[in-house]
Amino acid sequence: MPLEFERPILELEEKIRALETTAREQNLDLSEEIGLLKEKLARLEREIFAGLTPWQRVQLARASGRPTTLDVAQGIFEEYVELKGDRAFADDPAVVGGVARLEGRRVVFVGHQKGKTTKENIARNFGMPHPEGYRKAMRLMELADREGLPFLAFIDTPGAYPGISAEERGQAWIIARSIQRMSRLRVPAVAVILGEGGSGGALAIGVGNRVLIMENAWYSVISPESCAAILWHDAKEAERAAAALKLTARDLLSLGVVDRIVPEPGGGAHRNPEAALAELKRALLESLEELDGLDPEALWQDRYRKFRGIGAFEEG
Amino acid sequence: MPLEFERPILELEEKIRALETTAREQNLDLSEEIGLLKEKLARLEREIFAGLTPWQRVQLARASGRPTTLDVAQGIFEEYVELKGDRAFADDPAVVGGVARLEGRRVVFVGHQKGKTTKENIARNFGMPHPEGYRKAMRLMELADREGLPFLAFIDTPGAYPGISAEERGQAWIIARSIQRMSRLRVPAVAVILGEGGSGGALAIGVGNRVLIMENAWYSVISPESCAAILWHDAKEAERAAAALKLTARDLLSLGVVDRIVPEPGGGAHRNPEAALAELKRALLESLEELDGLDPEALWQDRYRKFRGIGAFEEG
Amino acid sequence: MALDRLFRRRRTRGGGREVPELWVRCPRCDAQVYKRDLEQNLWVCPECGYHHRVPVETYVAVLADPDSFEPTTGKVRPTDPLGFVDTEPYPERLARYQQKTGRPDAIYGGRATIGGVPSVLLVMDYAFAGGSMGSVVGEEIARGAELAAAENRALVIVTASGGARMQEGALSLMQMAKTTMALDLVFAKRLPYLAVLTDPTTGGVTASFATLADVILAEPGALIGFAGPRVIKQTIRQDLPEGFQRSEFLKKQGLVDEVVDRRRLRETVVRFLRLLYPGEVDAA
Amino acid sequence: MALDRLFRRRRTRGGGREVPELWVRCPRCDAQVYKRDLEQNLWVCPECGYHHRVPVETYVAVLADPDSFEPTTGKVRPTDPLGFVDTEPYPERLARYQQKTGRPDAIYGGRATIGGVPSVLLVMDYAFAGGSMGSVVGEEIARGAELAAAENRALVIVTASGGARMQEGALSLMQMAKTTMALDLVFAKRLPYLAVLTDPTTGGVTASFATLADVILAEPGALIGFAGPRVIKQTIRQDLPEGFQRSEFLKKQGLVDEVVDRRRLRETVVRFLRLLYPGEVDAA
Ligand SMILES: [Zn+2]
Ligand SMILES: [Zn+2]
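Residue numbers (this note's numbering), protein chains in the order written: chain D, 1 to 316; chain L, 1001 to 1316; chain C, 2001 to 2284; chain X, 3001 to 3284.
Here chain D stands alone, though its shape is the one from the complex (with noise of 0.2 Å):
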């Protein structure tokens, strides 16, 4: 399903398509037009693009048909295996992770998991973790310290996942252990923002030493939802939340909370996923390049000075 503000690109694109069919069955030359169309069509997408409000990125970050971490794990790696289970109590498929080889370097990754259908969805529980999901996210962290190798988080989440069975095996809990035991990796540590970064269930694998995200993804501290049904005591204030929350690439790039925008392909990384994950690629290679020759004291070092100097004061 479309969103709202596509329309007009999609309904210009479906034109297109229409003509080239003409041209085609009856053998007519409509290249010019064709053209024409097509400049339009770009200048159209670039146009609403530009203006893009914060809750139409919340949106977009949402689109079905955006990558997720399983399809950044098949664009951008030559292989992968997933790890699966706590090695405890469950197998939280919210959570997936594992080993993998990125331009021919080993990695290991971890990242939420939504779904592409419904029924998909209801299995990943829309990439909300219970504590098994962080407890698996520590395990491959486990892993990579012992391996040496770095390690990738890719979030994609609404929030950890705020239910009984949850909260009675202490969400909380491991969450704070999970932030705590990846700001300990011993190894370069690269986090990316794909989509939705939703709250302390997005942060408990955002302990990046580059924190990246992609263009239209976003980041909070709460949903727009959510904080819109605290302080309007109405979730459909959503679209006012949004944009106070600051909660896109930009604004949080100059908040100092990411260090680097994944730019997205005209009309989002949902219409383009190929190119969203080529780009996206080539941000991870340089961000671990910057990072290689770290020993894991400068590591840790490095990781402390930017999460310690982020947030806003004055003194005395």
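In short, the hints are calculated from the structure, not lab data. The structure displayed is predicted, hence computed values, not measured ones. Ideal Cβ positions, reconstructed from N, Cα and C, are used throughout, including at glycine. Watch out, some of these pointers could steer you wrong.
In silico DSS-like links for lysine-lysine, alpha-carbon gap of 30 Å or less [said to hold, decoys possible]:
#, chain 1, residue 1, chain 2, residue 2
1, D, 236, D, 119
2, X, 3189, X, 3251
3, X, 3189, C, 2251
4, D, 119, C, 2233
5, X, 3251, C, 2252
6, L, 1306, X, 3075
Residues from chain L shown here face chain D by an in silico Cβ test under 10 Å; the list is partial [stated by the list, open to error]:
#, residue
7, 1082
8, 1087
9, 1170
10, 1173
11, 1174
12, 1177
Based on these hints, arrange chains L, C and X with the ligands on the given structure of chain D.
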């Protein structure tokens, strides 16, 4: 309830007490008779205890009134605090532990915990841990490492709990992890078999640089009853199994499984816990002294040499 | 994160209020208790043991050895990095809380000895924006940890928080990482960190520094968790079990070490600190 | 530990037997399968996927690259440290198994490459005293780990065991610590350790080296656990749920990484090893 072979001792004690009462109430001088009986008592006790069968020792190891881990904590530490819970799923009452002061020196301790009464025993699950118990033990190992405090483990379990709840949460997995974690301690570790040392559930906290055993404790790959059930299809053959398994302190010392036997007072630790704990305290202090000054690497090497060397085989 | 809803209710509850009433009604057992008696009882209902919320100064008074407390917080003041406006602009909201509490943000603390153990004692203030953690709270926690590490002090934090502070957006979220990492300076020096969780402690505070303590104590009946009960109810669309997310429940779940009555808080904290603190401690 | 009971049943099951029958009946689906077909199918029932037990050589043949296997086990022989006699003296029992299997104890293995990855491959032999772990099995596992560490090889262990070997008493128990510690030599060199759990893997083997692997694969339907089902039934005095302690159940419980059909075992092991092994690997 006294054990069968304790009866003659108890009867004689009763007789002495009766005479003493008579002497006091009737104001008679029976000191000579009483003195003779006391000598006889000492002789009887020595005789009976010198000839104890392995099965009788197993019964002593289970005798009610025998010091439990918390009795040890109460008895040998100047002060202690208990830490509770595994910070993940539950607090297992079958495992206790915390931080303590032993002759002025801080230590971390952990141990299996049985109850004194049936009700208490049910609450403590008869000292049979669930995975949570081992997770608590591992939490304490982390603490010992971080604080650089010696680690003391008190073993007194018929075995890890063999039930659905334990299996489905990975009983085998957590025992393996606990063995591994303890073997990796960066601090001196001393394990003591207090009473029952039942199989993997005992060894999970048994990987000490020194392994001590109380004189009447047992430590075995399987309980005599289970062994008998398997080999002779009759748990009543437990007496035979107890002998075959070589599970007594003296057997284990000669097999190289334990390093030192802590002598128990005449009649066994349950008849005179204070004297037993005084001996235990002395043994613990001496063991810790032996390990003083060893750095983490040396401590690991010490443990590796020790356990790597246990086993009986021929080359060629 | 459901802070504002919570602190709107705050004024009707015990502890922080300034109205000079003589009698206080217990919200749990309805007993009318003479206010002075309640104060002497550390705001624990003598009838049913209900723990009223108390001002931060109470915890300092309870825990710090007499005359040992020396405040270090208060030099850091919040700003408005997002230009956040909800029902009122964030700066106005801040000004209101600052006026009410006399402090720049939701945390108060400093150096103290506790049972003779040199410590840094930090207390979160639920009366200030629901104890929400923004940049200032995060900074003060980090500075407190750094101070403890630098001066070989134990770290003791009393928490009370609805979670992260929405009005500072992702900056608030990042305080979870910042505070967590700062604790490692304390741990690296083998110094103990003890947390006392009071009602309520939820959201980003629970999911970061609060639950990483060597020893976690909780006041009786305190609500402690990640998601708030309202959010959970919305998620599962059914009522929560009695006692869910309360201290006693968490104890059973192995998530806190002890549930401690406020009247025994000091002796309990001292008992733990004296065993966990690596240095010499005078008999205090 | 319930080994003897189990290996008494063994001879009626598939795989290890020497009787030259032409047809084999599947114990699960009752299908009659031509023995040669079953062999070619790696003793997996083509009708229902039931995994018959297979001799250790099958795993070596399946996993090791052609002509790459070079045995290293077999130089260590069991003794009778306890003078153990049950229905027969332990030495006689051993002699019987040695004669039957042609090996000194319940383990077989050596150097191999697996998909080009230099490895040490060890396979436990359930046909020998129920794959029970005594001093020799412990020693061979430890030596295998040491060999892997010394020669920069991956460690791959295929397990099948009723647990520790009673007849060697506490010495068997100690092999759990010995094998566990030896693995750390492998881990310290950043070499991978992969375990394949086959039916059954219980007791001291599961509670030590078997479950400490970086990657745990399990054959379909394998019984894997700490306590055996009979012991559990005695404890709880009720029937066990269908599928309890089977591979698929353990996968759901997060305890194994994958349940792998024997016919896909080699490709799966190779896929994991090639990514987990730190050295250069030839395209094999
Ligand atoms: Zn009351
Ligand atoms: Zn079949």
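Structure-based check of all given hints:
1. Note on residue 236 of chain D and residue 119 of chain D: the hinted pairing holds, with a Cα-Cα distance of about 26 Å set against a maximum of 30 Å.
2. Proposed proximity of residue 3189 of chain X and residue 3251 of chain X is supported: the alpha carbons are some 28 Å apart, at most 30 Å.
3. Restraint check for residue 3189 of chain X and residue 2251 of chain C: the C-alpha separation of about 40 Å exceeds 30 Å, so the hint is violated.
4. At most 30 Å may separate the alpha-carbon atoms for a hinted pair to count; residue 119 of chain D and residue 2233 of chain C meet this at roughly 23 Å.
5. In summary, the hint linking residue 3251 of chain X to residue 2252 of chain C is supported, as the alpha carbons are separated by about 27 Å, within the 30 Å threshold.
6. Taking the CA atoms of residue 1306 of chain L and residue 3075 of chain X, the gap is near 22 Å; set against the 30 Å cutoff, the hint holds.
7. Contact between residue 1082 of chain L and chain D, as hinted, is not supported at the beta carbon level, the nearest pair being about 19 Å apart and thus beyond 10 Å.
8. Hint status for residue 1087 of chain L relative to chain D: holds, with the closest Cβ pair at about 5 Å, below 10 Å.
9. Interface hint at residue 1170 of chain L: satisfied, since its Cβ lies 6 Å from the closest Cβ of chain D, which is below the 10 Å cut-off.
10. Taking 10 Å as the C-beta contact cut-off toward chain D, the hint placing residue 1173 of chain L at the interface holds, the least distance being around 5 Å.
11. At a threshold of 10 Å, the smallest CB-CB gap from residue 1174 of chain L to chain D is about 7 Å, leaving the interface hint in force.
12. Hint status for residue 1177 of chain L: holds, given a least beta-carbon distance of 8 Å to chain D, under 10 Å.
Hint violations for this structure: numbers 3 and 7, all remaining hints satisfied.
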